[in-house]
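These protein sequence lines map, in sequence, to chains A and B. The numbering of the first sequence is the working numbering, which starts it at 1 and goes up by one. The numbering of the second sequence is the working numbering, which starts it at 1001 and goes up by one.
Since the hints were made in silico from the structure, they are not lab data. Fair warning: this is a prediction, and the values are worked out from it, not measured in the lab. Don't be surprised by glycine CBs; every beta carbon is placed ideally from N, CA and C. Any given hint could turn out to be false.
[As the list claims (entries may be wrong)] Some chain A residues judged to face chain B by a derived CB distance under 7 Å, without partners named: (1) L58; (2) I59; (3) G66; (4) T70; (5) I136.
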Amino acid sequence: MNKILIIIPAYNESKNIVDVCNSIKNYDKDLDYIVINDGSTDDTLKVCKENKLNYINLISNLGIGGAVQTGYKYAYEKDYDIAIQFDGDGQHDINYIKEICRKIQKNEVDFCIGSRFIDSTSSFKSTFLRRVGIKIIASILKIFCNVKVTDPTSGFRAGNKKVIELFSKCYPTDYPEPESIVFLVNHGIIISEVPVNMNERQSGKSSIYAWKSIYYMIRVSLAIVIDSITLSKSRGDK
Amino acid sequence: MSETLKILLIAITLIYLFIIIRAVKKRKMHINYSIFWIFTGVILIISVLIPNFIENISDFLGFEKASNMVFCIAIFILFYLVLSLTSIVSKQYQQIVKLIQEVSMLKSDFNKEDKNENK
């Protein structure tokens, strides 16, 4: 039996976090989870304490990247076989945990991303403009890194020991998901996708605000292109 | 350049050097970063003391006016300084992230041990 850890980054999620943790325990009692309270300004910390959740309280706000990496560091220290990123806002559907782990447990792939855009399983597919943005990022990933990912911004992902070790040492900040895919490809990680269902967030806002979307696109594209340049160089050296 | 202006410029530069050296002594400025500022102070004093120092270099390099050379060099140096500051800030940002993560993990492990002892 593999030791599986669910990493739940939480920033101002006091309303959702208990439900999310309960849903995990109801789904499978053998699953471990760790809530990373990313310096929340509401009473997320209090809720974690009162409900005796398993949590790490970051002493200062780090943003999603730093919070998720803390989870991977924890997974690395406690020697977990598989780590799953799972949002603290109830957006992700717990019933797909087994599905997302299956290929990793079979040793077919190292890293598995839960995608909203394979088949039509997901009820929630985001707004039209955001879908266009995701398509563009996916195309850039395909062109520069030669990796086919339909949902590069998905935060519902699972990785094996190799991935845990890599991410505990290095994880991008700010808007980490697409960038971290390039990082994994650079290190020879095999990536796959499975269709998952995502709900509309119950409360709390997406980390990507509307007025920031242009900056987001430029920032993410630049990161992918720059990272992939070093990729071709290091390949040339070998 | 009139004698009064020369004396004034040298006095200002000496005050400037004094401020930097005092900051280093009081550990308010790291000695690595002070080297550059002391160096500029010394250059300033030299260029005031030696007549036509700036003009001669400017003629040698082929600038039309000495002021053009001064501005050009100053802008390049400032560009370099801001670039190096950006990279210092980025490095420190990474260090701070790591520090927060490690401290937070240590603190939560510590808390859990406390709870067990209380039981």
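Do the hints match the structure? See the list:
With its C-beta approaching chain B no nearer than about 5 Å, L58/A sits inside the 7 Å limit, and its interface hint holds. With its C-beta approaching chain B no nearer than about 5 Å, I59/A sits inside the 7 Å limit, and its interface hint holds. With 7 Å as the threshold, the beta carbon of G66/A comes within range of chain B, its nearest partner Cβ sitting at about 5 Å, so the hint holds. Given hint, T70/A at the interface with chain B, holds; its Cβ is 5 Å from that chain's nearest Cβ, closer than 7 Å.
Annotation: interface hint on I136/A violated; nearest CB of chain B at approximately 27 Å, more than 7 Å.
Checked against the numbered hints given earlier, this structure breaks only hint 5.
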